[in-house]
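Going down the list, the protein sequences come from chains A and B. One point on numbering: in my numbering, the residue at position 23 of the first sequence is 791, and numbering is uninterrupted. One point on numbering: in my numbering, the residue at position 49 of the second sequence is 817, and numbering is uninterrupted.
Fair warning: there could be bad hints in the mix.
Quick list of simulated restraints, FRET-style, between CB atoms [said to hold, decoys possible]:
(1) B:A937 - A:R806: 54 to 60 Å
(2) A:A947 - B:F774: 28 to 34 Å
(3) A:E871 - B:D1016: 43 to 49 Å
(4) B:D846 - A:H970: 56 to 62 Å
(5) A:L1037 - B:D1058: 28 to 34 Å
Rough simulated footprint, nothing fancy, chain B against chain A, three-plus residues with beta-carbon under 8 Å [to be verified]:
(6) 841–847
(7) 891–904
(8) 946–959
(9) 1001–1012
Residues of chain B clear of chain A, computed beta-carbon distances all greater than 10 Å [to be verified]:
(10) E872
(11) L915
(12) A978
Bear in mind the hints are in silico, worked out from the structure with no lab data behind them. Ideal Cβ positions, reconstructed from N, Cα and C, are used throughout, including at glycine.
2 protein chains.
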Amino acid sequence: MSLRRFNELRGEEVAYAVDRQDRTFLPAQEHCPLDPTRPGGPATEIPFPAFEIVVFDNLFPSFEAPQGAAEVVVYTDDHHGSFAGLEPARAQALMWVWRQRYEELGARPDVEYVLIFENRGVEVGTTLHHPHGQIYAFPLVPPVAGLELAADARLGGCAPCALLARELADGERVIHSNADVVAYVPFAARWPYETHVVMREHRASLAECAAEELASLAEALQAVTRGFDRLFERPFPYVMVVHQAPTDGARAGHLHVEFYPPLRTATKLKYLAGCEQGAGTFIMDVLPEDSAVALREAIAFDSQPSRAGHGVAL
Amino acid sequence: MSLRRFNELRGEEVAYAVDRQDRTFLPAQEHCPLDPTRPGGPATEIPFPAFEIVVFDNLFPSFEAPQGAAEVVVYTDDHHGSFAGLEPARAQALMWVWRQRYEELGARPDVEYVLIFENRGVEVGTTLHHPHGQIYAFPLVPPVAGLELAADARLGGCAPCALLARELADGERVIHSNADVVAYVPFAARWPYETHVVMREHRASLAECAAEELASLAEALQAVTRGFDRLFERPFPYVMVVHQAPTDGARAGHLHVEFYPPLRTATKLKYLAGCEQGAGTFIMDVLPEDSAVALREAIAFDSQPSRAGHGVAL
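Can you build the whole structure from these sequences, using the hints too?
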């Protein structure tokens, strides 16, 4: 059962999904529900002995038809893989899967916003280690999308377009780019290694992208996430969120992917505590320019094939 | 050095305090900077052999004069104490300390909002175990205060007054009350054991409260925090935030204290991940009514003197 209540003091809906308390929690690999069902092995959620990418309904949904949807996107049948480590062709295919789900879910009359995301690492509450992401289809336009639309109004045009132009003109926080996509630590980052991966041209959603643009997006996302893993020579936890136009038909948006990594050092977390929760103001220990230097080096290092994979400290 | 930058996509200021990365991190008790300076012992931040309540400037400030302030409030010289465990007279005195700081900081021309809070427990990023809270004086009205003012406008009057009336009429989520103060799990709680402790009469701030009201507030806050510790028979982590009127002179507000506890079970945390960070929508596993039942029992159990302190499981 899922239901929603309006929180007056915060001016936002809260979603209650009370069956989720019992959901599968960090199972051992032999009980992983996202592994393939191998001959002679236990039945998993995926009744095939091997697969590329699988999407299915979340068994513990935060949103349910006809008031939205919740889906799981399994990136690979390799339990020990990662988004960063996918073959480039698989990462590109994932962009097409995201696009197809955005279009199909977004076309439903009960869906006003499609949120594609990945929670990676126990530090951000991952309950299954198998590489996967999630998709929530909202019956409303949620607060963060509302803030982005407000930014468009405040700036008198597409805010991500304007911010990208500023970042390119400055250049100091750009950490990676290709023909179609730019990755940077934003000027007013709220997380030490927050990174935005932004389409150069104005594209409201994945549905508006050409095939080459989707390939470029996959390349940039993989370069950034490989750089993350290189940064502290450990699997780097993050929240990855695809920001796109709402699907209620009336509003603007600019496809970009935001990463919110919880680490401020290799072993210390940034917490959302009194100031962030009670005032809504983020306190940052690290300047975005310094984060950008470290991430740029980590990405550049990793892109040298002769050095990649040797675990050399920066 | 502290500075601020405006985050366009979120429509909010971010504060950078880049010296904080090196701040004291979970020192052993013999190096606790909040302990008294005992004869023959090391010098701490507090040059007295004993004390009741001490306030001093944070050495690692998120806000600095003339653009705000950051202070530390040490509740007791007992390193192993807690807010819940303070003698009632000390807890009442703390209310007067809070009030004095609110008034003095709020009177400064550079200060528009005073945030009094406590981060308790490593789960919310506490870096010092010694019982203490913090005060940030903001050179702006931060987003959460803005949302509360927006709620007033939406409801056509004081939102906390209206919400308190609804909670009292319903009664199902009230967990404790006295002559002047009511504690409840709010109808649209965002955290499993979120609790609001609200003045019955309309009081914009601590400065408007009678002495009996401050005593009642201290009683209710201690009842709630003792109940928290009883709930899972462990020190219960929380973020405690005092919400009051901005001090820019122009705006309304209603004194209440909000607790955001990160636990959803005795050992499992609620994380802010893709949906919360990327959409701004909280997903909850627990209904507020169920949390209220558990907290009401924990508070009632603890208030029976013959049973208190024996560590009997609920």
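Comparing the hints with the structure gives:
Distance hint check for A937 (chain B) and R806 (chain A): the Cβ-Cβ separation is about 58 Å, which falls inside the suggested range of 54 to 60 Å. Checking the proposed 28 to 34 Å range against A947 (chain A) and F774 (chain B) shows it holds: the Cβ atoms sit about 31 Å from each other. The hint said 43 to 49 Å for the Cβ distance between E871 (chain A) and D1016 (chain B), and at roughly 47 Å that hint holds. The given range of 56 to 62 Å is respected by D846 (chain B) and H970 (chain A), whose C-beta atoms sit roughly 60 Å from each other.
Our hint of 28 to 34 Å for L1037 (chain A) and D1058 (chain B) holds, since their Cβ atoms are close to 29 Å apart. Only residues whose C-beta sits within less than 8 Å of a C-beta in chain B count toward coverage, and the segment 841–847 of chain A has 0 of them, not enough to reach three; the restraint is violated. As drawn, the segment 891–904 of chain A meets chain B at 4 residues by the rule of a beta-carbon pair under 8 Å; at three or more, the given contact holds. Residue count for the segment 946–959 of chain A with a Cβ under 8 Å from a Cβ of chain B: 5. That meets the three needed, and the coverage hint holds.
With 4 residues having a beta carbon nearer than 8 Å to a beta carbon of chain B, the segment 1001–1012 of chain A meets the requirement of three or more and the stated coverage holds. Listed as a non-interface residue, E872 (chain B) keeps its Cβ farther than 10 Å from every Cβ of chain A; the least gap is roughly 19 Å. For L915 (chain B), the condition that its CB be more than 10 Å from all CB atoms of chain A is violated, with the nearest at approximately 5 Å. Every beta carbon of chain A lies more than 10 Å from that of A978 (chain B), the smallest distance being close to 25 Å; the non-interface claim holds.
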